[in-house]
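With the hints in hand, could you dock these two chains into one complex?
Chains as they are written, first to last, in the working numbering: chain A, 1 to 313; chain B, 1001 to 1228.
Hints listed in this document are in silico derivations from the structure and should not be mistaken for laboratory results. None of these values were measured; they are calculated from a predicted model. Cβ coordinates follow ideal geometry from the N, Cα and C atoms, glycine included. Worth double-checking, as some hints may not be accurate.
What the hints assert, rightly or not - Stretch-level coverage of chain B by chain A, calculated; a stretch enters the list once three of its residues show a Cβ under 8 Å from a Cβ in chain A:
1. 1076 to 1083
2. 1087 to 1101
3. 1122 to 1135
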Amino acid sequence: MKVAVLSVMKAGVNTVMKFRTLGRHAREGGKNIYRNGWMTVASVGAVTTTLILVGVFIALMLNLNQIATNVEKDVEIKVLVELTAEEGQIEDLESKLKDIPEVESVNFSSKEDELNRLIESMGEEGQAWELFEQDNPLNDAFVVKTTDPNDTFDVAENIKNFDYVNEVNYGQQVVEKLLSFTKYARYIGAALIIGLVFTAIFLISNTIKLTIMARSKEIGIMKLVGATNSFIRWPFFIEGMLLGVLGSLIPIGATVGGYYYLYNNLRDKIQFTFVELLPFNPFAWQLALILLSIGAFIGVWGSVMSVRKFLKV
Amino acid sequence: MIEMKDVNKTYPNGVTALQGIDLSIAQGEFVYIVGPSGAGKSTLVGMMFREEKHTSGSITINGIDLNKLKERKVPQLRRNIGVVYQDFKLLPRLTVYENIAFALEVLEESPKNIKKRVMEVLDLVKLKNKARHIPDQLSGGEQQRVSIARAIVNHPKMMIADEPTGNLDPDTSWDIMQIFEEINAKGTTVIMATHSKEIVNTIRKRVIAVESGRIVRDESRGEYGYEI
Chain A
1 MKVAVLSVMK
11 AGVNTVMKFR
21 TLGRHAREGG
31 KNIYRNGWMT
41 VASVGAVTTT
51 LILVGVFIAL
61 MLNLNQIATN
71 VEKDVEIKVL
81 VELTAEEGQI
91 EDLESKLKDI
101 PEVESVNFSS
111 KEDELNRLIE
121 SMGEEGQAWE
131 LFEQDNPLND
141 AFVVKTTDPN
151 DTFDVAENIK
161 NFDYVNEVNY
171 GQQVVEKLLS
181 FTKYARYIGA
191 ALIIGLVFTA
201 IFLISNTIKL
211 TIMARSKEIG
221 IMKLVGATNS
231 FIRWPFFIEG
241 MLLGVLGSLI
251 PIGATVGGYY
261 YLYNNLRDKI
271 QFTFVELLPF
281 NPFAWQLALI
291 LLSIGAFIGV
301 WGSVMSVRKF
311 LKV
Chain B
1001 MIEMKDVNKT
1011 YPNGVTALQG
1021 IDLSIAQGEF
1031 VYIVGPSGAG
1041 KSTLVGMMFR
1051 EEKHTSGSIT
1061 INGIDLNKLK
1071 ERKVPQLRRN
1081 IGVVYQDFKL
1091 LPRLTVYENI
1101 AFALEVLEES
1111 PKNIKKRVME
1121 VLDLVKLKNK
1131 ARHIPDQLSG
1141 GEQQRVSIAR
1151 AIVNHPKMMI
1161 ADEPTGNLDP
1171 DTSWDIMQIF
1181 EEINAKGTTV
1191 IMATHSKEIV
1201 NTIRKRVIAV
1211 ESGRIVRDES
1221 RGEYGYEI
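Next up, chain B with everything else stripped away, as it sits in the complex (with noise of 0.2 Å):
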C-alpha cells in the first residue's frame, strides 16, 4: 500500500528533512507517526500525498510510483487519499454540505449520488443538522469533523491526518479518535501524525517514531515514548 525505500528530502534552502526512510504500510493498518515538533512528521506523511516532493529514492502509493507522478496526475492520487489537517482547511465561503460534496464532485459524480452520500457521512459525524451551516460558525471539534466527512466522503483506501487534535480540547479529541477507528475498522488504512501522549498510551497501535529526519522506532501496539 505505502512503500518508501531510501527517501530523502532536503528543502531548497538545504536543510535537510528526512533522509534514508525505509517504510512499509500495509492496507487497513492504523498507524501512528510521533516525534519531537520539526522532526519531519509532516514532512513524511506530507510526501505521500504530494504536497511534498521528496528529493530521492521511490515512494509507491496505492500502486503509483510517485517518481513517475506526472503532474497532471497528481489530482489522481490526491483523490485515494483523505486528508484531515490541524487547521481543518475547509473552504471558508462553501457550507458543510457543499464543502464535503466538492470532494465528490471534483470526481464528476451524479447530483443524487453526491446528496446520497454526503448524507451518509455527515450521519457517521453526527453533522446532519448542520448541513447549512458554514465553517466559521461551527466549533472547532465540528470543524474537524467536517473536515473529516470530507475526507472519506468519496471511499479513499487511506486516510492521512496530520495532528488532527492539534488544536481540539480533550473531549473533543476523543470524539474525533472514535471516528478515526471506526473508519479504520471498515478497512480504510489510517496514518495519523500525533503528539497527544494519551491517545496514542491509550489507542494502542503501530507506533512510527521519528527524530531529526531519521525513523528511530517502529513497534506495533507501540508506546508515544516522549515526555512532553
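For reference, chain A alone in the conformation it holds in the complex (with noise of 0.2 Å):
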C-alpha cells in the first residue's frame, strides 16, 4: 500500500516545471533544428527575405523621418519691421510675438546682421553689398519658430495683422507642400513597415506548421506516452526562436554593413545639404536589435501558433 502511495506521488503532474527539464527542451528544440533539414533551411530563408526587406525599408523610413523631422525644424517665419518703427515700438511687437502660444522662440536680428548674413551667402558676389553699410536698406527682423511646424500657416497670417509689421515671409507654399509630404510619408511608412512584418508572420507560421504538421502523429505518441501539453510546446517554442533567431542573422548583416556603406560614402556628398543621415552608431546596432526581435517574435509565434491545433489527442 505504501508503495502505491509513493508511486501516485511520483507520477503526479507536476505544475512547476524543473529547471533541467527547461535545459531538456532547450536540447530537444536544437536538435529538431537539424533533425528537421530542409524544412528548418525553408523557414530560416523565410525569415531571412522578409527581415531583409523589413530592415531596408525601416533603414530607409527612419532616415526618411530624420530628414523630414530636420526639414520641420527649419522651417521659421521672418517677421520684417517696419522701417519707421521706433525702438519702443519694435519691443512692443517682440513681447507680442512671445505672447502668442504656439510660439517656441522669437529672436531679434538688427538690419546690420540681416545685412552680414546676406554679403555671406553670397560669397563674391556679396561683396558688392557692402557699399551699403553705411545706408542699409533693409529691415530690422525677428526670427519666428513655432512649437509645431503645422501651425506656422496660422501663426504667419496672424502676425501679418500686427502693428509695424512690414512684411512676413515663411516661404508659404513651400513649407505647407513639405508639411503634407512629410506627414503622408510617415503614415506610408508606417503602413508599409507593419504591412511587410504581417506578410512575415503569414509566411513563417505557414512554413513552421508544415514542419509541424509533418510531426503531428510525433505529438499524439507523446501525448499517449503521458507527456503534458506544455511539456510538448517547450521544444517547439524554442526551435521556433532558434529560427527567427537565425533568420535574422543574414539581414542584420546586410543592413548593418549596407548601411555602413551607404553612410560612409553618401556623408561626404550630402554634406552641405540639408539633408542628414542617422548616424552608423547607434543607429545601425538599434537596427540590428530590431530585426533580431522581429525574428525571435515571428518565430515563436509562427510555431506556437501552429503547433497548439496539434495538441488535442
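See below:
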C-alpha cells in the first residue's frame, strides 16, 4: 500500500517545471533544428527574405523621418519690421510675438545682422553689398519658430495683422507642401512596415506549420506516453525562436554592412545639403536589435500558433 | 484496480461500439481480451487510458474516476499505464534509448535516474546493443520490445497491449509473450487484446470475450474459443 501511494506521488503531474527540464527542452528544440533538415532551411529562408525587406525599409523610413524632422526644424517665420518703427515699438512687437501660445522662440535680428548674413551667403558677389553698410536699406527682423511646425501657416497669417509689421515671410507654399509630404510619408512608411511584418509572420507560420504537420503523429505519440501539452510545446517554442534568430542573422549583416557602406560614401557628398543621415552608431545597432526581436517574435509566434492545433489528442 | 459499470460507447457517427460493459480486474491479473475484428476490443482497452472517451457509465482506473478526470489531468492517468500497440508507435527520429527515456523525461526525472532505469529495461528486453539505433533500423520484434521497454520504464501499475503480436512472426511473438509474463510476475497488471489462438490456448490466463460490443464470456484460465 505504501508503495502504491509513493508511486502515485511520483507520477503526479508537476505544475512547476524543474530547471533541468527547461534545459532538456532547449536541447530538444536545438536538435529539432538539424533533425528537420530542409524544412529548417525553408523556414530560415522565409525569415531571411522578409527581414531583409523589413530591414531595408526600416532604415529608409527612419532616415526619411529624420530628414523630415530636420526640415521641419528649419521652418521659420521671418517678420520684417516697418522701417519707421521706433525702438519702443519694436520692443512692443517682440513681446506681442512672444505672447502667441504656439510660438516657441523669437529672435531679434537687426538690419546690420541681416546685411552681414546676406553678404556672407552671396560670397564673392556679396562684396557689392558692402557698399550699403553706410546706408542699410534692409529691415530689422524677428525670426519666429513655432513649437509644432504645422502651426506655421496660422501663426504667420496672424502676425501679418500686427502693428509695425512690414512683411511676413515663411516660404508659404513650399512649407505647406513639405509638411503635408512628410506627414503622408510617415503614415505610408508605418503602414508598409506593419504590412511587411505581418506578411513575414504569415509566411513563416505557414512554413513552420508544414514542419509541424509532418510531426503531428509524433505529437500524438508523446501525449499517449503521458506528456503534458506544455512539455510538448516548449521545444517548439525554443525551436521557433532559434529559427527566427537564425533567419535574422543574414538580414542583420546585410543591413548593418549596407548602411555602413552607404553612410560613409554618402556623408561627404551630402554634407552641405539639408539632408542628414542617422549616424551609423548607434542607429545600425538599434536596427540589428529590432530585426533580431522581430525574427525571434515571428518564429515563436509561428510555431506556438501552429502546434496548438495538434495538441488535442 | 479497473472497475467498469454499465459502460457504453457510441461514436459521433451513431455507431455503438460497446454497451452494458461490467468489468472488474484486480491488481496483478493477466487478462486476454478476445473477439472477432470490430467487436470492440480496441475500444474497450482504449477507454482505460482515455484514448477513447466513454459515452456513459462509470470507469475507475487506479482509483481515478474517469468521469471526473479533467482534460488537463489526462497525462497523470497515462503515466500509470504502460501501453503497447500493434504498430509500436515509436518516435521515428529518436534513438531506442531516447524513445524509452522520453517516458521518464515527462516525469522530470533526473538524468542520472533516467540513464540507470533505461539501461535496466534495455537489459530486460535484451536490446542493450541497439540503444543508439533509430526504430527504422530495427526488426518488427525489436521495435515491439522497445515499445514494451518504454511502457514499463516508469514502473506503471498496469500494462495495456493492443494486439502486440499482430505484426510479428510466431517465434518473435513467443519472445514478446515471455517478456509480458516476466512483467506480470513482478506484480504488474497485464491486459492484452489479441487475435492469437495459439497464445491464448498455450499460456492460460483469464479470458474476456467481446462480441458486437458486449462481454459474452469471462473465464479464468479460459480458451480462445474462436476458429480463425
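Cross-check of the supplied hints:
1. 1076 to 1083: holds (count 5)
2. 1087 to 1101: holds (count 5)
3. 1122 to 1135: Violated, because only 0 residues of the region 1122 to 1135 of chain B bring their Cβ atoms closer than 8 Å to Cβ atoms of chain A.
The structure fails hint 3 only (numbered hints given earlier).
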